[in-house]
Structures are given as C-alpha cells and as structure tokens.
Amino acid sequence: MAAAHRSFTEYVKKRFDNNFWAAAESYLEANLDSLGIELRRIHRAGETEISDVKVEHVWVEDKPGMEIHFDVAVSIWFETHEGDYHYDDYDENIVWMMAHCRGDLDKNLDDFEILRVSKYNGKSRVKDPMDDSLVPVMNKNELDEIAEQFLRTHYKKALLEPTWIDPIELANGMGLTVRYEHITQDGSIFGRSYFCDCQTDLYNPQTDEVYQELIPAGTVLVDKKTAFLSVLGSVHNTIVHECVHWDKHKKAFALVRLYDNSLSNIGCKVVGGIAGNRRDAVDWMEWQANALAPRIQMPMSMFKKKVEQLISKYRREMKLYDMIDIIEPIIDELVMTFGVSRLAAKIRMMDAGYEEAFGAFIYVDNHYVKPHKAPKSYLSKNQTFSISARDAIVESKFNPELAAALADNEYVFVDSHFVLNAPLYLETDELGDLALTHYARNHMDECCLVFELKIKTSVTEHYHTECFLNRDKSSDITFEAHYSEKNKGAKNQVQMIKDYNADVLSIAKKLPMNFSGSLDALIGWAEMTEEELAEAADMSEKTIQRLRNTEPDNVNIETVIQLCIGMKLPPVLSACLLKASGKSFMMTEQHIMYQFLLNSCYHMSIFDCNEMLTAQGLKPLGRQNRVS
Numbered sequence: 001m002a003a004a005h006r007s008f009t010e011y012v013k014k015r016f017d018n019n020f021w022a023a024a025e026s027y028l029e030a031n032l033d034s035l036g037i038e039l040r041r042i043h044r045a046g047e048t049e050i051s052d053v054k055v056e057h058v059w060v061e062d063k064p065g066m067e068i069h070f071d072v073a074v075s076i077w078f079e080t081h082e083g084d085y086h087y088d089d090y091d092e093n094i095v096w097m098m099a100h101c102r103g104d105l106d107k108n109l110d111d112f113e114i115l116r117v118s119k120y121n122g123k124s125r126v127k128d129p130m131d132d133s134l135v136p137v138m139n140k141n142e143l144d145e146i147a148e149q150f151l152r153t154h155y156k157k158a159l160l161e162p163t164w165i166d167p168i169e170l171a172n173g174m175g176l177t178v179r180y181e182h183i184t185q186d187g188s189i190f191g192r193s194y195f196c197d198c199q200t201d202l203y204n205p206q207t208d209e210v211y212q213e214l215i216p217a218g219t220v221l222v223d224k225k226t227a228f229l230s231v232l233g234s235v236h237n238t239i240v241h242e243c244v245h246w247d248k249h250k251k252a253f254a255l256v257r258l259y260d261n262s263l264s265n266i267g268c269k270v271v272g273g274i275a276g277n278r279r280d281a282v283d284w285m286e287w288q289a290n291a292l293a294p295r296i297q298m299p300m301s302m303f304k305k306k307v308e309q310l311i312s313k314y315r316r317e318m319k320l321y322d323m324i325d326i327i328e329p330i331i332d333e334l335v336m337t338f339g340v341s342r343l344a345a346k347i348r349m350m351d352a353g354y355e356e357a358f359g360a361f362i363y364v365d366n367h368y369v370k371p372h373k374a375p376k377s378y379l380s381k382n383q384t385f386s387i388s389a390r391d392a393i394v395e396s397k398f399n400p401e402l403a404a405a406l407a408d409n410e411y412v413f414v415d416s417h418f419v420l421n422a423p424l425y426l427e428t429d430e431l432g433d434l435a436l437t438h439y440a441r442n443h444m445d446e447c448c449l450v451f452e453l454k455i456k457t458s459v460t461e462h463y464h465t466e467c468f469l470n471r472d473k474s475s476d477i478t479f480e481a482h483y484s485e486k487n488k489g490a491k492n493q494v495q496m497i498k499d500y501n502a503d504v505l506s507i508a509k510k511l512p513m514n515f516s517g518s519l520d521a522l523i524g525w526a527e528m529t530e531e532e533l534a535e536a537a538d539m540s541e542k543t544i545q546r547l548r549n550t551e552p553d554n555v556n557i558e559t560v561i562q563l564c565i566g567m568k569l570p571p572v573l574s575a576c577l578l579k580a581s582g583k584s585f586m587m588t589e590q591h592i593m594y595q596f597l598l599n600s601c602y603h604m605s606i607f608d609c610n611e612m613l614t615a616q617g618l619k620p621l622g623r624q625n626r627v628s
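Start counting the sequence shown at 1; every next residue gets the next number (our numbering).
Mixed in with the good hints there might be a few duds.
[To be verified] For lysine to aspartate or glutamate, the following DMTMM-like pairs were computed, each having C-alpha atoms within a straight-line distance of at most 25 Å: (1) Lys306 - Asp351; (2) Lys54 - Asp104; (3) Lys156 - Glu169; (4) Lys319 - Glu611; (5) Lys107 - Asp325; (6) Lys568 - Glu531; (7) Lys370 - Asp280; (8) Lys510 - Glu485; (9) Lys123 - Glu169; (10) Lys498 - Glu485; (11) Lys488 - Asp429; (12) Lys250 - Asp111; (13) Lys123 - Asp106; (14) Lys13 - Glu61; (15) Lys381 - Glu169; (16) Lys542 - Asp608; (17) Lys370 - Asp391; (18) Lys568 - Glu527; (19) Lys304 - Asp280; (20) Lys306 - Asp280; (21) Lys250 - Asp144; (22) Lys13 - Asp280; (23) Lys486 - Glu401.
Quick caveat, the hints were computed from the structure, so don't treat them as lab data.
Note that the coordinates shown come from a computational prediction; the quantities given were computed from them, not determined experimentally.
Make the full structure from the sequences, and use the hints.
So this is what it looks like as structure tokens:
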C-alpha cells in the first residue's frame, strides 16, 4: 500500500498540545512585563489567564538519521483581569512565540522536547527544509547538487571519473537487499521499497495466483516483467530510483506510519508520472526519485567530461565538425558508459545544454530523421518539427492555414518536415532527392513548421512529460501531430524569404561578366567595407583593393572561395563570382569540400570552415594555409 498524505502540523497539534500549553504558560509568565501588552478595558492589571494555545505553523528541518528539528509558531490567547476590586472586567490579548523542537522518528517522537522558546519574529530559518508531509523540499535547480551529495555519501567513485554505477553495489552499500519478483500480474508496479517487515502480495505466473510472503525491511523488489522499462529506463534506473526513496523518503513514510502503522512500502508505478494536475506527497516523492535517479547515474560534472571527450573523439574519427553530425553516436556511447537508456542519455544531454540532442533519434515512418536542432527552449517538450506522412496529409487537408501555405508553394514536405521552399534550406542529395541543407538542420526554427504532439496510447493520463522525447525505434508509444499556433509567426519569415530570394535573383541578373565588376557589386550588396571583408575572408585589404579595381589576369580558386565565405554569399551569387573568375571545380576531395562549404556552410565564418577542412585532413583557407 502506498503512503498517503498526512500532515505533520496536524500531528504536532494533537499530540503535543499539552507541551505547548506548558511552554506558553512559562513564556507568558517570564515575559509578560516586556511584551508591551496594551490594556484597554481595565484600570489595573491583575491575574492573567491563558484561554487558548494554537499551533499556527510548523517549519521542519531535516537532520541526520531519523532526527528532525522543527520550529513551531504558537499563538497564545489570554485574558488579563481587573486588579481593582471596584471593577469586574478583563482584557483579551494575543501574543506569539516560537518553540524550537526536536524528535527522532525512529522513536516515534517519544523523545520529543522543546529545546528553547523565543519571541516569534515572523519567520523561521531552518536549513534543509521539509514540507508538511516530511518530504524534502527540492528546487529543480538544486537537483544536480543533491544528486552529487547523494553520491558523496553512498558512491564516491562515481564523482572521480565517468563510470557505470553498479546499482546492486549501491543498494548493498546503503544496507538494502535487491530481489527480482513478479510484483503484480500486469507489471504495473516495477519497483517497491520496504521500510519495515511486511506480509505482501506477490504474483506467481506459473500458477496464475497471488500469494503472500514476509518481506523484510530494507528490501527492494524489482518486477521481473520489464517490457515497459525499455520506454522509461532500465532495471538499473529502477534500483537507483528505489535507493532515492530509501535515502530521501524514510521520514515521510515514518510520518504516515505514525497515523497508520499498517503501511510498509512505497510502490512505484510503471507510468512514473504525476496523476492529474494536483500533486500530493506521493506524487512529490515520485517526482524527486524520477528526477534524481538519472542525475545520480550521470552526475553532471562527470557527464560533461565524458561528452567533451566524445565530441573530440568523434570529430577526429568521423572527420565531422558539426554537433548534429555526431550527436547520435555520442548518445549511444553515453548509454554504454553510464548503463542508462538512450532516452535517459538524450535527456541528460539536453540538461547539460546540448540542444542538438532534442532532434536526435526521432523515428518516423520507418526511418530515422536526420538530426537537427533549434535554439534552446524554442520547442516545448510536446512540440516537434518531425511528423508522419499520415499526419502531414491529414493536417494539410483539414488545417486551412497549412493548406493555404502549401497552395502558395511556400512549404514542401521533406524528410518528415514542412520546410520553407527556399534554396537556403533545400538541396538535392546524391540520389537526386530533395533534402534539408546542413544550414536548415542547424536552424529549424527559421524554416520548419511546428506541430503539437498528442500521445495516442493508453498511458496518456499519467504519462511523464519526457515521454514526448521518446520517439526512438524501440518506443511503443504512438503519437499524432497537429498544426501549432506557434506557426502564426512564420508568415513574416515566409515574406522575408521571398524578399531575400527576389533580391538575390535581381543582383545575380545585374552582375557584370568580369570578375572585378562582380566583386565590386557583391561587396556593395553585402554592405561591407574592404577592411571588414579582409578580416572575414582572412586576406589582406590590399589584395581586395587590387581585385576590386583591376581585372586580374588570373585569380586562384581559393581566393574566390575566401571572398564568397567572407561575404556569406548564397549559392547563386557564389556561382556567379566563380564563373566570372573563369574557374571551375574539379573532382578532387578538396574541391568537393569547397562546393559543400559554398552550398551548405556559407553562413559560417572562415575559421569555422577551416576547422571543417582540417578535420577532413584538407588544407585550410587563407593565412592558416600559409602558416601551415
């Protein structure tokens, strides 16, 4: 049976009422003269009598073991009677005090004591606060530090180098025993932590019967039926999840047992999410365990260290510079390094600031969509650029805004995306098929429509929001996609593209046939000074002046490439300048790379382009070439 919400404040009120009365009497007696009590109805203060003592608020501070400290704000209602026998009247007043208390939950708070009493000043300064259910208060921004503190206590070596945490070793080190059993017939509970000895129901698949067994305290049961775990994580994650419960939630469970000693465990459902919109104590405990488990398995400092190692490794081995080209093998190696699911590694990369992970391992229409990215937080977790052909057909037919955009030839459906129909974003691949340019896959926010995802499977009601990210081949979650209101702002982009393309074509038609004249016109179009172009193209200002003012007898192709990249010329204009130079590309590796840079990377700096060239073992452009 799972722990239900119980109020520590209410428990304190009922159980320790007499203690607070006694403390209030002592406090009032000792401090009455200094409290500045205003007498309104009586002439001379006489006997003082307390009429009521109320616990107004409790602030709880977590302490080692099962001890807690808690500050209790107490209101004291009292009557001051007339001291002059000629009159028979009294004044009513109220003062507040703060009772600083402690107790041990392992002792059922039988050792409760009030350490001291002070004047109430309106607030408490407890460290390591707990809520009214004795669940630790955790801010999302603190989760990484909390996870690392957990490891410093229970598994220090995970903070020394990137490593696979052995969940059995972790559990045993915490005094826990892990067992694999069939917890339920349907596999809806995949982990349970037992906080005390308990007769519990288990399922026997051979006899199709439920039987009872005494489970000792400190046992973690993991369900053998783990088919669903391929979606949310792994057996390792489940065990770490239960270890979090044992470390963080024993006190919450102890409070529940103060109300009902028949409870013995916390059961974690497969859905792993939050039931409805209102979170109770169990929901918060599940949220904390769900959030901390992957952070414990992949502590941020070690995780980033490993990611940076892998970035260097795959850029060197694959001779690819851009993150979207190496993100998927990096994620897969992280899976092997930390012993986690692909989804967990993907989410952790996003936590670490690698937004490219958002567009990795998206499986649509029986194929993986090429990795892509947009600025961080551009998409919500339930939004996507990638949709199935079926959803594309349905939305294009029934959504009037999308239908109108398609009728105007503003967008085309390419590689599971609706993409702006512009040369900047579309190209023909080696098979002659239309594909997104490298630039487009790096700037999806510029060119692709956004769709809202809706989970179609039966887990919709309670499903964790991160499941929207799980669109890998192995996932058995099905989605449907709908045109997003976010696209209303795309009209401006469409018009900008139209204006830009019209401008580019107009310039291309007006360019003279000679090189110097074309260069002069393009410098004007780029709105650059010769000094700015010299820096952007990594060449001397004198060279640019000479090429601009005097028709050269011969200009080498590298110079032309540098000028095109420096001015960030779109492919149409680069082709014009190359033609005017009298040069053309040859079928060499170096020249093929030049073509790629002009067609797909002209938005990049010359230094970024050079990094790509050297990564391929090719000569860089500009001064770097001369230095080498």
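Results for each hint:
| no. | hint | in the structure |
| --- | --- | --- |
| 1 | Lys306 - Asp351 | 14 Å, holds |
| 2 | Lys54 - Asp104 | 23 Å, holds |
| 3 | Lys156 - Glu169 | 12 Å, holds |
| 4 | Lys319 - Glu611 | 10 Å, holds |
| 5 | Lys107 - Asp325 | 58 Å, violated |
| 6 | Lys568 - Glu531 | 15 Å, holds |
| 7 | Lys370 - Asp280 | 41 Å, violated |
| 8 | Lys510 - Glu485 | 40 Å, violated |
| 9 | Lys123 - Glu169 | 43 Å, violated |
| 10 | Lys498 - Glu485 | 22 Å, holds |
| 11 | Lys488 - Asp429 | 30 Å, violated |
| 12 | Lys250 - Asp111 | 18 Å, holds |
| 13 | Lys123 - Asp106 | 28 Å, violated |
| 14 | Lys13 - Glu61 | 17 Å, holds |
| 15 | Lys381 - Glu169 | 34 Å, violated |
| 16 | Lys542 - Asp608 | 24 Å, holds |
| 17 | Lys370 - Asp391 | 19 Å, holds |
| 18 | Lys568 - Glu527 | 11 Å, holds |
| 19 | Lys304 - Asp280 | 34 Å, violated |
| 20 | Lys306 - Asp280 | 37 Å, violated |
| 21 | Lys250 - Asp144 | 21 Å, holds |
| 22 | Lys13 - Asp280 | 21 Å, holds |
| 23 | Lys486 - Glu401 | 12 Å, holds |
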